[in-house]
Amino acid sequence: MRATLRSVLTPERPRTVDVVTDPTERRAIVVELAIVGVLTFLFSAIAAALSLIEAQLSGGIGNTTVALNPSRSDLDWIDFVRQLMSAIRLFAIGALGIYLLWRSGIGLNRVGLGRWAPRRDIPAGVGLAALIGLPGLALVAIARALGMNAHLVPSEVDGVWWRWPILILISIGNAAAEEIIVVAYFITRLRQLGTSENASLAASSVLRGGYHLYQGVGAGLGNVVMGLVFGRFFQITSRVWPLVIAHAVMDVVAFVGYALLHDHLSWVG
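According to numbering that gives the first Met the number 0, the sequence shown holds residues 0 to 268 in order.
The set of hints was computed from the structure by calculation and includes no laboratory data.
Predicted model only: the values in this text are computed from it and were never measured.
Hints may be right or wrong, so weigh each one.
What the hints assert, rightly or not - Computed spacing ranges between beta-carbons, pair by pair:
id, residue 1, residue 2, range
1, L38, W161, 26 to 32 Å
2, G106, V80, 36 to 42 Å
3, I45, P117, 35 to 41 Å
4, W163, S195, 39 to 45 Å
5, L49, G106, 37 to 43 Å
6, S72, L130, 34 to 40 Å
7, V252, L107, 24 to 30 Å
Note that the Cβ used here is the ideal one computed from N, Cα and C, for glycine as well.
All chains should be built: construct the whole structure from the sequences, respecting the hints.
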């Protein structure tokens, strides 16, 4: 029992990638991490932290409203195109992580990005969604009551025919971009640099929490916890697709559920 608990808390380094020792290759990995970070979630984390500071200095995050999927235009067809572009960009971010790992000679099966196995990945993903999502709802309510979160508006509630399909597409895009980059790509590159599993997990989790700070301190802390659970799952199983499924399920429930039930969700705000 103690051995099993120890392996969960401090797993041995999986033999999926080798530590890079060549100085030139190590510098290339560091440069690549910096570039990917600027283009994706590292700059998002800095921007989110600045938004939180700005909100706190302007009366407190609890007095602000954050729209997660706002309308992009008063013209429906332009709004649709912009929303679609946003979703495509998210998938491109995830594809960038997959391409960079593959281009560097890392077999995608070794880092959980090979062909997915529905019979195994879907139940695991749904289970993770329940494990994180249900307590997460309670945390949202508590953080909002304590003034630690902004009033979140997950989605527009108008009756445009394409709203739900776009919300579902964005949910899947969010899941793919975040789990592939912040978990699979980021942890794999840190492994190549010789970073310990616990340090890699902490860095990935803090990054995830950081780019959610624009929603409030409660959202940031909640996403750090989510990052710890998801990151450890990846480290133990070397599977990413259950994380993508879990994240997509939670976002679909949040976005589409809000559009359907917003009149009964006053406790969110």
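Verification of the supplied hints:
no., hint, result
1, L38 - W161: 26 to 32 Å, "holds (28 Å)"
2, G106 - V80: 36 to 42 Å, "holds (37 Å)"
3, I45 - P117: 35 to 41 Å, "holds (38 Å)"
4, W163 - S195: 39 to 45 Å, "holds (43 Å)"
5, L49 - G106: 37 to 43 Å, "holds (39 Å)"
6, S72 - L130: 34 to 40 Å, "holds (38 Å)"
7, V252 - L107: 24 to 30 Å, "holds (29 Å)"
Every hint, counting from the list given before, is met by this structure.
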